[in-house]
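Novice: So the chains spell out like this:
Number of protein chains: 2
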Amino acid sequence: MKKYSHAQLRSFTEQVFVKLGMPANQAEIASSVLTEADLRGIDSHGVARLSGYVRLRDANRANFAPSLKILHETPSTASLDADLGLGLFTAQEAMKLAMEKARNVGTGWVAVQNSNHFGIAAAHAMMALEEDMIGFAMTNASPLVAPSGSKERMLGTNPICVAIPAGKEKPFVLDMATSAAANGKLEIAQRLGKSLPDNWVQTREGGSSNDAFELKNGGSLLPLGGHKGYGLAAMVDILSAVLPGANYGPWVPPFVAFLNPLENLPGKGIGHFVGAMRVDAFRPKEEFLAHMDNWIQRFKASERLNPEEPVLIPGEPELAAKQERLATGIGLNAEVENDLLALAARFELSL
Amino acid sequence: MKKYSHAQLRSFTEQVFVKLGMPANQAEIASSVLTEADLRGIDSHGVARLSGYVRLRDANRANFAPSLKILHETPSTASLDADLGLGLFTAQEAMKLAMEKARNVGTGWVAVQNSNHFGIAAAHAMMALEEDMIGFAMTNASPLVAPSGSKERMLGTNPICVAIPAGKEKPFVLDMATSAAANGKLEIAQRLGKSLPDNWVQTREGGSSNDAFELKNGGSLLPLGGHKGYGLAAMVDILSAVLPGANYGPWVPPFVAFLNPLENLPGKGIGHFVGAMRVDAFRPKEEFLAHMDNWIQRFKASERLNPEEPVLIPGEPELAAKQERLATGIGLNAEVENDLLALAARFELSL
Numbered sequence: 310m311k312k313y314s315h316a317q318l319r320s321f322t323e324q325v326f327v328k329l330g331m332p333a334n335q336a337e338i339a340s341s342v343l344t345e346a347d348l349r350g351i352d353s354h355g356v357a358r359l360s361g362y363v364r365l366r367d368a369n370r371a372n373f374a375p376s377l378k379i380l381h382e383t384p385s386t387a388s389l390d391a392d393l394g395l396g397l398f399t400a401q402e403a404m405k406l407a408m409e410k411a412r413n414v415g416t417g418w419v420a421v422q423n424s425n426h427f428g429i430a431a432a433h434a435m436m437a438l439e440e441d442m443i444g445f446a447m448t449n450a451s452p453l454v455a456p457s458g459s460k461e462r463m464l465g466t467n468p469i470c471v472a473i474p475a476g477k478e479k480p481f482v483l484d485m486a487t488s489a490a491a492n493g494k495l496e497i498a499q500r501l502g503k504s505l506p507d508n509w510v511q512t513r514e515g516g517s518s519n520d521a522f523e524l525k526n527g528g529s530l531l532p533l534g535g536h537k538g539y540g541l542a543a544m545v546d547i548l549s550a551v552l553p554g555a556n557y558g559p560w561v562p563p564f565v566a567f568l569n570p571l572e573n574l575p576g577k578g579i580g581h582f583v584g585a586m587r588v589d590a591f592r593p594k595e596e597f598l599a600h601m602d603n604w605i606q607r608f609k610a611s612e613r614l615n616p617e618e619p620v621l622i623p624g625e626p627e628l629a630a631k632q633e634r635l636a637t638g639i640g641l642n643a644e645v646e647n648d649l650l651a652l653a654a655r656f657e658l659s660l
Numbered sequence: 310m311k312k313y314s315h316a317q318l319r320s321f322t323e324q325v326f327v328k329l330g331m332p333a334n335q336a337e338i339a340s341s342v343l344t345e346a347d348l349r350g351i352d353s354h355g356v357a358r359l360s361g362y363v364r365l366r367d368a369n370r371a372n373f374a375p376s377l378k379i380l381h382e383t384p385s386t387a388s389l390d391a392d393l394g395l396g397l398f399t400a401q402e403a404m405k406l407a408m409e410k411a412r413n414v415g416t417g418w419v420a421v422q423n424s425n426h427f428g429i430a431a432a433h434a435m436m437a438l439e440e441d442m443i444g445f446a447m448t449n450a451s452p453l454v455a456p457s458g459s460k461e462r463m464l465g466t467n468p469i470c471v472a473i474p475a476g477k478e479k480p481f482v483l484d485m486a487t488s489a490a491a492n493g494k495l496e497i498a499q500r501l502g503k504s505l506p507d508n509w510v511q512t513r514e515g516g517s518s519n520d521a522f523e524l525k526n527g528g529s530l531l532p533l534g535g536h537k538g539y540g541l542a543a544m545v546d547i548l549s550a551v552l553p554g555a556n557y558g559p560w561v562p563p564f565v566a567f568l569n570p571l572e573n574l575p576g577k578g579i580g581h582f583v584g585a586m587r588v589d590a591f592r593p594k595e596e597f598l599a600h601m602d603n604w605i606q607r608f609k610a611s612e613r614l615n616p617e618e619p620v621l622i623p624g625e626p627e628l629a630a631k632q633e634r635l636a637t638g639i640g641l642n643a644e645v646e647n648d649l650l651a652l653a654a655r656f657e658l659s660l
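Protein sequence lines correspond, in order, to chains H and F. So for the first sequence, the working numbering puts the first residue at 310; every next one is plus one. So for the second sequence, the working numbering puts the first residue at 310; every next one is plus one.
Pulled out of the complex, with its shape left as it was, chain H reads as follows:
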């Protein structure tokens, strides 16, 4: 597996976006967000998706030069029309606005309609950490998950990210799909020829399955832990889409450009919901950060199941991946590498 430096992949992505008409400042932001996934070890959401974004552009389903517009606002909230831009860029703008509102009134919450997929939620929520705010980011996504009691794909893997600053310790960053497993985990099993754990997928008819290719047979992903995961995914769908006026449930436009959106859509594009809360809107910042350090240290010191395996704080594995990959590079599998080489050829770029 050939390795590439983060700088190479980010710069390549940026150049592809610029070739397709994205303004330079937007391309810089969008390429950083996309490749942050590769750094953090979330390979399914990084450059592996670059050709997918390009195909959305080719199909006129994404606007690479969007003008964002505030539709509605209060001192602590706003709804944005993202003008069919990539969420990689538009969710960053939404988060900036949320943080501006938080600076003014303690918290800020921005719901976004008419957007496209935004990469990893952590790349947006973690913006808040720079100003000692707690960041939230969620998005809806192409329907793959069946509600409890159903065999129909009605919800995306609808992730939730919460990023919480600490003092001397690393921040707490929970970034989780609300399905039992994200699609990326299925792709890994497919490549390795492995079967899936129970309760990750079901067949088209709702039967149990351990087949990593079950989605290709029309099956669906299952929500995290049954009805609770269904409820969480539904909450994400409603906040991200019913609130700002995006599409929800089965109407969320598919990420893959070869599938057309349904007709008579109830909203525009896909939706995101982001938020920022100043910690000093609740207690003095230094107190908060010191107690977060204490929280983290106490949890890391909790009795281990296995003496050799540390108890992890959410965000630790991703940060370790980032440190390692910044130092040693990012390996791409042959399929992803070929995808990028095809883009390089098309746009006369070198990878």
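Just so you know, not all the hints are guaranteed correct.
Identical chains share a label here; the pair holds if one copy fits it or two copies do between them.
Stated by the list, open to error - Taking lysine-lysine pairs in the BS3-like style, the calculated list, with each CA pair at most 30 Å apart, reads:
| no. | residue 1 | residue 2 |
| --- | --- | --- |
| 1 | Lys312 | Lys328 |
| 2 | Lys479 | Lys577 |
| 3 | Lys577 | Lys477 |
| 4 | Lys594 | Lys378 |
| 5 | Lys609 | Lys577 |
| 6 | Lys477 | Lys594 |
| 7 | Lys631 | Lys503 |
| 8 | Lys594 | Lys405 |
| 9 | Lys609 | Lys525 |
| 10 | Lys631 | Lys378 |
| 11 | Lys594 | Lys577 |
| 12 | Lys479 | Lys328 |
| 13 | Lys405 | Lys477 |
| 14 | Lys405 | Lys378 |
| 15 | Lys594 | Lys479 |
| 16 | Lys312 | Lys494 |
| 17 | Lys312 | Lys479 |
| 18 | Lys378 | Lys479 |
| 19 | Lys594 | Lys494 |
| 20 | Lys503 | Lys328 |
| 21 | Lys577 | Lys328 |
Quick caveat, the hints were computed from the structure, so don't treat them as lab data.
Go by the hints and put chain F onto chain H.
Specialist: Here is chain F on its own, set in the frame of chain H:
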């Protein structure tokens, strides 16, 4: 199983609280919140806990006549010191304050320290529905849940509730423990002599177990779906306690009065976090409500796994229980009934 009307149980609870010095207006609120659990079918959190609250009072670990104080605030946030009051009352006050802030600036978020257990989260989050706001409520709780990779009880069942208004349809009310199962479900299995599903509990040494009494052997509850549930429970703990200055993690004071709080506590009492968002802070209210109706109708119409079993919207089973129990009464098992009769004798009340 003898049945009691909701009015009977609520009035009895109110009288017990008043006998113990709770001001009449607080007792009215606290008794309504407690018995809302019985109405909604969450038997573990209703009058079954009344004697537990009384024992906390007897042990001087709860203050039945608290004076709440705002510690810190911004236009959209506040931290409250609940003066060791019952969360049954103090979380309602917190929610009122959050809603007042939402009226002014779009959203309101209140973190509470120095409180006690608050009953069911839904009773607080649902207050927001009356003004077409989205309500949030969460709380930390006595440590019973082990983080992933640990065998130590570090987290409570830390529930999350989100209540979202609809138009003609009933509201969406997700109220879920972040553990695989709440303690109430274990109690049901204990009464029925049943074993538990996999991955609900582990032994003191971290081994797998299906024993409904495993907590009594020093075992722990497991988080919902592994590390994701751990992350959600941790988020609840941090927002509810690190943010306002309550106790967190293993330091959360136990609900049972026969266990003493640990020494050198990092905060005060247990903590809650509540919030309210005006839907019209994002889009016109009638639009939002109409799309929520559409969301709910579409999900209810999704293809069923079993033609006989409808796909449920979060909150539907609890609402059905409430309608039935308002009509036909609330059955109490012998243990709970005896508990209440003992209180009746002590306070010279009739049940």
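Novice: Are the hints correct? Go through all of them and say.
Specialist: Evaluated hints:
Proximity of Lys312 to Lys328 under the C-alpha cut-off of 30 Å is restricted to the intra-copy arrangement: shortest distance 24 Å within a copy versus 73 Å between copies. Taking the shortest alpha-carbon separations for Lys479 and Lys577, only the inter-copy value of 25 Å comes in at or below 30 Å, while the best intra-copy value is 38 Å. Within a single copy, Lys577 and Lys477 get their C-alpha atoms only as close as 43 Å, which misses the 30 Å cut-off; across copies the closest is 23 Å, which meets it. Taking CA atoms no more than 30 Å apart as the test, Lys594 paired with Lys378 passes between copies only; the shortest distance there is 20 Å, against 33 Å inside one copy.
In this assembly of identical chains, the alpha carbons of Lys609 and Lys577 lie at most 30 Å apart only when taken from different copies (22 Å versus 44 Å within one copy). Taking the shortest alpha-carbon separations for Lys477 and Lys594, only the intra-copy value of 13 Å comes in at or below 30 Å, while the best inter-copy value is 44 Å. In this homomeric assembly, Lys631 and Lys503 come within 30 Å of each other (Cα to Cα) only inside a single copy, at 26 Å, whereas the closest approach across copies is 46 Å. In the homo-oligomer, the alpha carbons of Lys594 and Lys405 lie at most 30 Å apart both inside one protomer (20 Å) and across protomers (25 Å), since each shortest distance falls under that limit.
For the homomeric pair Lys609 and Lys525, the shortest alpha-carbon distance between copies (25 Å) is at most 30 Å, but the shortest distance inside one copy (40 Å) is not. Proximity of Lys631 to Lys378 under the C-alpha cut-off of 30 Å is found in neither arrangement, the shortest distances being 34 Å within a copy and 44 Å between copies. In this assembly of identical chains, the alpha carbons of Lys594 and Lys577 lie at most 30 Å apart only when taken from different copies (18 Å versus 39 Å within one copy). Taking the shortest Cα distances, Lys479 and Lys328 never come within 30 Å of each other, neither inside one copy (37 Å) nor across copies (50 Å).
In this assembly of identical chains, the alpha carbons of Lys405 and Lys477 lie at most 30 Å apart only when taken from the same copy (25 Å versus 36 Å across copies). For a Cα distance limit of 30 Å, the shortest separation of Lys405 from Lys378 inside one copy, 14 Å, qualifies, whereas the shortest one across copies, 33 Å, does not. In this assembly of identical chains, the alpha carbons of Lys594 and Lys479 lie at most 30 Å apart only when taken from the same copy (16 Å versus 41 Å across copies). Taking the shortest Cα distances, Lys312 and Lys494 sit within 30 Å of each other inside one copy (21 Å), while across copies they are farther apart (50 Å).
Taking the shortest alpha-carbon separations for Lys312 and Lys479, only the intra-copy value of 27 Å comes in at or below 30 Å, while the best inter-copy value is 54 Å. Proximity of Lys378 and Lys479 under a CA criterion of 30 Å is satisfied in neither setting, with 35 Å inside one chain copy and 33 Å between copies. Proximity of Lys594 to Lys494 under the C-alpha cut-off of 30 Å is found in neither arrangement, the shortest distances being 38 Å within a copy and 39 Å between copies. Neither within a single protomer nor between protomers do Lys503 and Lys328 lie at most 30 Å apart by alpha-carbon distance, with minima of 39 Å and 64 Å respectively.
For a Cα distance limit of 30 Å, the shortest separation of Lys577 from Lys328 inside one copy, 26 Å, qualifies, whereas the shortest one across copies, 57 Å, does not.
Comparing the model with each numbered hint stated earlier shows that hints 10, 12, 18, 19, 20 do not hold.
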